[in-house]
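Trainee: From first to last, the protein sequence lines stand for chains Z and R.
Position 1 of the first sequence, counted from 1, bears residue number 1 in the numbering used here, the numbering being contiguous throughout.
Position in the second sequence (first residue = 1) + 109 = the numbering used here.
In case anyone wonders, no lab produced these hints; they're calculated from the structure.
Just so you know, not all the hints are guaranteed correct.
Here are the simulated SDA-like cross-link-like pairs (lysine to any residue), alpha carbons at most 20 angstroms apart as the crow flies [unchecked claim]:
#: 1; chain 1: Z; residue 1: 57; chain 2: R; residue 2: 211
#: 2; chain 1: Z; residue 1: 69; chain 2: Z; residue 2: 53
#: 3; chain 1: Z; residue 1: 42; chain 2: R; residue 2: 116
#: 4; chain 1: Z; residue 1: 42; chain 2: R; residue 2: 153
#: 5; chain 1: Z; residue 1: 42; chain 2: R; residue 2: 147
#: 6; chain 1: Z; residue 1: 42; chain 2: R; residue 2: 197
#: 7; chain 1: R; residue 1: 122; chain 2: Z; residue 2: 41
#: 8; chain 1: Z; residue 1: 42; chain 2: R; residue 2: 196
#: 9; chain 1: Z; residue 1: 42; chain 2: R; residue 2: 121
#: 10; chain 1: Z; residue 1: 42; chain 2: R; residue 2: 120
#: 11; chain 1: Z; residue 1: 42; chain 2: R; residue 2: 115
#: 12; chain 1: Z; residue 1: 57; chain 2: R; residue 2: 207
#: 13; chain 1: Z; residue 1: 108; chain 2: Z; residue 2: 14
#: 14; chain 1: Z; residue 1: 59; chain 2: Z; residue 2: 19
#: 15; chain 1: Z; residue 1: 42; chain 2: R; residue 2: 131
#: 16; chain 1: Z; residue 1: 42; chain 2: R; residue 2: 150
#: 17; chain 1: Z; residue 1: 42; chain 2: R; residue 2: 114
#: 18; chain 1: Z; residue 1: 42; chain 2: R; residue 2: 119
#: 19; chain 1: Z; residue 1: 42; chain 2: R; residue 2: 211
#: 20; chain 1: Z; residue 1: 59; chain 2: R; residue 2: 208
#: 21; chain 1: Z; residue 1: 42; chain 2: R; residue 2: 149
#: 22; chain 1: Z; residue 1: 42; chain 2: R; residue 2: 214
#: 23; chain 1: Z; residue 1: 42; chain 2: R; residue 2: 195
#: 24; chain 1: Z; residue 1: 57; chain 2: R; residue 2: 209
#: 25; chain 1: Z; residue 1: 59; chain 2: R; residue 2: 211
#: 26; chain 1: Z; residue 1: 59; chain 2: R; residue 2: 209
#: 27; chain 1: Z; residue 1: 59; chain 2: Z; residue 2: 72
Listed below, chain by chain, are the residues.
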Amino acid sequence: EDQVTQSPEALRLQEGESSSLNCSYTVSGLRGLFWYRQDPGKGPEFLFTLYSAGEEKEKERLKATLTKKESFLHITAPKPEDSATYLCAVQAEGNKLVFGAGTILRVKS
Amino acid sequence: DAGVTQSPTHLIKTRGQQVTLRCSPKSGHDTVSWYQQALGQGPQFIFQYYEEEERQRGNFPDRFSGHQFPNYSSELNVNALLLGDSALYLCASSRTGYHGYTFGSGTRLTVV
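Take the sequences, apply the hints, and build the full model.
Mentor: Spelled out as structure tokens, the structure:
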């Protein structure tokens, strides 16, 4: 069964304190791994799609990487506005996305 | 360019009632998927519609049904509501042949 596990469940950082979020997955036939940002009461906002091991993508203070078993979302010098829940999802057979439970990030100034 | 539009934004229903949620996909998108997100959890796939047919379904009972219209908009219907159906219901649209999914802001359903 396709499964996504995210860690940690919650992360508190000081402004400027870099860190990484982890997404471990087991899936038959990975068609893509997605990172989304979700603010309270809102829908997920697309960040990145990764397709193959070794691939990396960057956007402002965020960088996503992918191996055959996991993905990392690296946050460099975070700001309070980066506070949100970060969701990881895999696209397997068919088109459905299988999501992890998310990591709640809080950045304090 | 409007993104994915969902209505209503909030809804309160009584146990046993029926509810219909609506979704208009992003312009240029032809596929609509529905997800249920319980508090503190990631979204769970309910089903996907393409060319007005249900193409894939997750592990949800038959009380959950849907429809897609010729203009690609979609409805999610839930019958015989249970307290456990309380959640944020998300609609995501995509374009055939592309892997990008755009989510709406969701409908918050509360069953009392």
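Trainee: Give a verdict on every hint.
Mentor: Against the structure, the hints come out as follows:
no.	hint	result
1	Z:57 / R:211	holds (19 angstroms)
2	Z:69 / Z:53	holds (9 angstroms)
3	Z:42 / R:116	holds (13 angstroms)
4	Z:42 / R:153	holds (16 angstroms)
5	Z:42 / R:147	holds (13 angstroms)
6	Z:42 / R:197	holds (9 angstroms)
7	R:122 / Z:41	holds (19 angstroms)
8	Z:42 / R:196	holds (13 angstroms)
9	Z:42 / R:121	holds (18 angstroms)
10	Z:42 / R:120	holds (15 angstroms)
11	Z:42 / R:115	holds (11 angstroms)
12	Z:57 / R:207	holds (18 angstroms)
13	Z:108 / Z:14	holds (5 angstroms)
14	Z:59 / Z:19	holds (15 angstroms)
15	Z:42 / R:131	holds (16 angstroms)
16	Z:42 / R:150	holds (14 angstroms)
17	Z:42 / R:114	holds (12 angstroms)
18	Z:42 / R:119	holds (12 angstroms)
19	Z:42 / R:211	holds (12 angstroms)
20	Z:59 / R:208	holds (19 angstroms)
21	Z:42 / R:149	holds (13 angstroms)
22	Z:42 / R:214	holds (5 angstroms)
23	Z:42 / R:195	holds (16 angstroms)
24	Z:57 / R:209	holds (15 angstroms)
25	Z:59 / R:211	holds (18 angstroms)
26	Z:59 / R:209	holds (16 angstroms)
27	Z:59 / Z:72	holds (14 angstroms)
Hint compliance for this structure: every hint is met.
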